[in-house]
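Protein chains in written order, with the numbering used here: chain A, 1 to 128; chain B, 1 to 358.
Derived by calculation from the structure, the hints in this document are not laboratory data.
Virtual Cβ for every residue (Gly too), placed ideally from N, Cα, C.
A hint or two may mislead.
Claimed, not checked - Examples of chain A residues toward chain B, derived with CB under 10 Å:
1. 1
2. 3
3. 5
4. 46
5. 47
6. 65
7. 90
8. 92
9. 116
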Amino acid sequence: MKIPQELRFAASHEWATEPADGIVTVGISDFAQDQLGDVVFVELPDVGRSLAAGEAAAVVESVKTASDIYAPLAGEVVEVNGALLDAPEAINTDAYGEGWLFRLRVTDAAAWGGLLDADAYAAVAEEG
Amino acid sequence: MRQTPLHDEHVALNGRMVDFAGWRMPIQYPTGIPQEHLAVRQDAGMFDVSHMGQLRVLGPDGAPFLSWATLNDPAKLRPAQGQYSMLQNDRGGLIDDLYVYRDVDESFLVVANAANVDAVLGHLQSLAAAPTPGPFRVVVRDESDAWALLAVQGPSAAAKVDRLADADLTSVRKNRLVDTTLSGMPVRLARTGYTGEDGFELFCRPVDAAALWRLLLEAGVTPCGLGARDTLRLEAGFPLFGHELDDRSNPLCTPFAWVVKDKPAFGLEALRAGGCPRRLVGLVLEGRGIARDGYRVLDEAGGDIGRVTSGTVSPLTRTSIALAWVDAAHADEGARIAVEIRGQPVAATVTPPPFYRP
């Protein structure tokens with residue numbers, strides 16, 4: 001199970017990159033994609049939508065189940081990964097790269113530091 | 001939880017094990033469900049289905065007894081032939097769906113779903129003993145522990161099994177049985193399956209199961225779990241008991257009405273009297289998302305007209321497909337309806353299964 005040190009995580013298994021010019025990239029963890037199994041559909045938020053931290057923002061649907069994806073931080077959606085609509089399996093093959101879901105202009109960049117670091121998230125994933 | 005004789009093989013292949021009908025079974029291997037599915041559609045895949053039950057019906061009245069007890073007509077089977085069938089209750093519904101093989105004149109092998117073995121056994125035994133129209137001169141016994149069962153399916157499956165078998169299998173047609181050996185191990189091969197593809201179901205001794213599994217693995221057959229088994233059977237339009245069919249399902253209102261033959265049978269009057277306020281139909285969805293078991297089916301005005309029983313996205317076409325029971329007024333081919341997915345209606349068209357033909 002891969003958990004990159006440079007990312008921060010929500011307990012609901014989303015990752016977020018460190019804010020750069022107030023923008024973070026969001027996806028789901030390698031652990032989450034492995035639990036979901038083969039992803040077949042993705043629903044992404046509309047660009048421009050304002051999200052509260054913890055608000056349902058996207059849906060990742062695998063053969064087994066459909067799972068809500070929550071915004072790990074509050075902010076406005078500035079970009080979505082449209083390539084996933086045709087190639088949702090990128091979430092399985094490259095959860096931290098090609099499988100990114102959306103980018104947020106965060107309301108409070110400092111809140112990123114309050115998310116779980118890699119070690120804390122590893123403990124959460126271990127418990128399932 | 002019970003384990004099949006192939007349990008350690010699944011674990012060695014990193015199969016993801018889940019509890020299914022009282023058994024530890026692989027839902028998938030690291031290959032993943034879509035790739036396992038495609039292996040069966042394009043080459044050959046194998047499934048451990050040893051959890052399924054085998055019941056033996058033995059005795060001079062075997063044919064008339066099973067003709068009374070089931071909806072298809074096993075009396076029409078010649079030795080070494082099999083047929084898909086259903087076991088009905090007397091309340092207009094079903095106890096299980098089955099495969100019935102006649103191995104020799106006075107011996108039938110009934111393959112039942114794992115979850116229903118005890119119910120099927122009890123029902124058959126009580127029907128056999130009933131004074132009217134019986135009692136039948138048959139013994140019904142559970143032989144599930146005596147058999148392991150592997151399904152080898154796909155366009156290359158028969159050729160791969162043929163190369164390993166000591167009998168020539170090219171003359172073994174669909175729904176036929178043959179007893180032969182693979183690498184010296186006795187097997188009973190049935191040219192049947194649950195994927196819509198050609199192939200064999202391989203009944204063997206539990207002690208030989210792992211060696212046969214490895215032999216097939218070496219022959220290039222892809223191990224597939226219950227996940228791919230489900231997407232394949234759904235694409236092929238086959239029902240799964242507990243989803244499409246249950247103790248209140250009237251098979252006359254399904255695409256499988258052909259199973260019900262016109263001859264005296266237990267509970268048949270109740271089925272005929274039941275009528276079809278709802279029908280089991282295939283759906284092709286136009287939008288994204290999977291129509292899952294229990295989701296509501298809606299008419300164009302948003303009214304509740306039924307329930308989804310199974311749904312998936314076809315790994316072949318990426319189309320979202322489903323089976324559903326819907327009000328008869330909306331069950332005709334081409335009817336425009338919708339499935340409610342996470343609160344939103346997603347448009348769908350009634351489309352008779354199968355969704356895929358090899």
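Hint check:
Given hint, residue 1 of chain A at the interface with chain B, is violated; its Cβ is 14 Å from that chain's nearest Cβ, farther than 10 Å. Taken as an interface hint, residue 3 of chain A does not check out: its beta carbon lies about 19 Å from the nearest beta carbon of chain B, beyond 10 Å. Because the smallest distance between the Cβ of residue 5 of chain A and any Cβ of chain B comes to about 26 Å, over 10 Å, the interface hint for this residue is violated. A least Cβ separation of about 14 Å between residue 46 of chain A and chain B goes past the 10 Å threshold, and the interface hint is therefore violated.
Hint status for residue 47 of chain A relative to chain B: violated, with the closest Cβ pair at about 18 Å, above 10 Å. With a least beta-carbon distance of about 8 Å to chain B, the hint placing residue 65 of chain A at the interface is held under the 10 Å criterion. A hinted interface residue such as residue 90 of chain A counts as satisfied when its beta carbon comes closer than 10 Å to some beta carbon of chain B; here the least separation is about 14 Å, so the hint is violated. Given the 10 Å rule on beta carbons, the hint for residue 92 of chain A holds: about 7 Å separates it from the nearest Cβ of chain B.
Hint on residue 116 of chain A is violated. Least Cβ distance to chain B is approximately 26 Å, over the 10 Å limit.
The structure shown violates the earlier hints numbered 1, 2, 3, 4, 5, 7 and 9.
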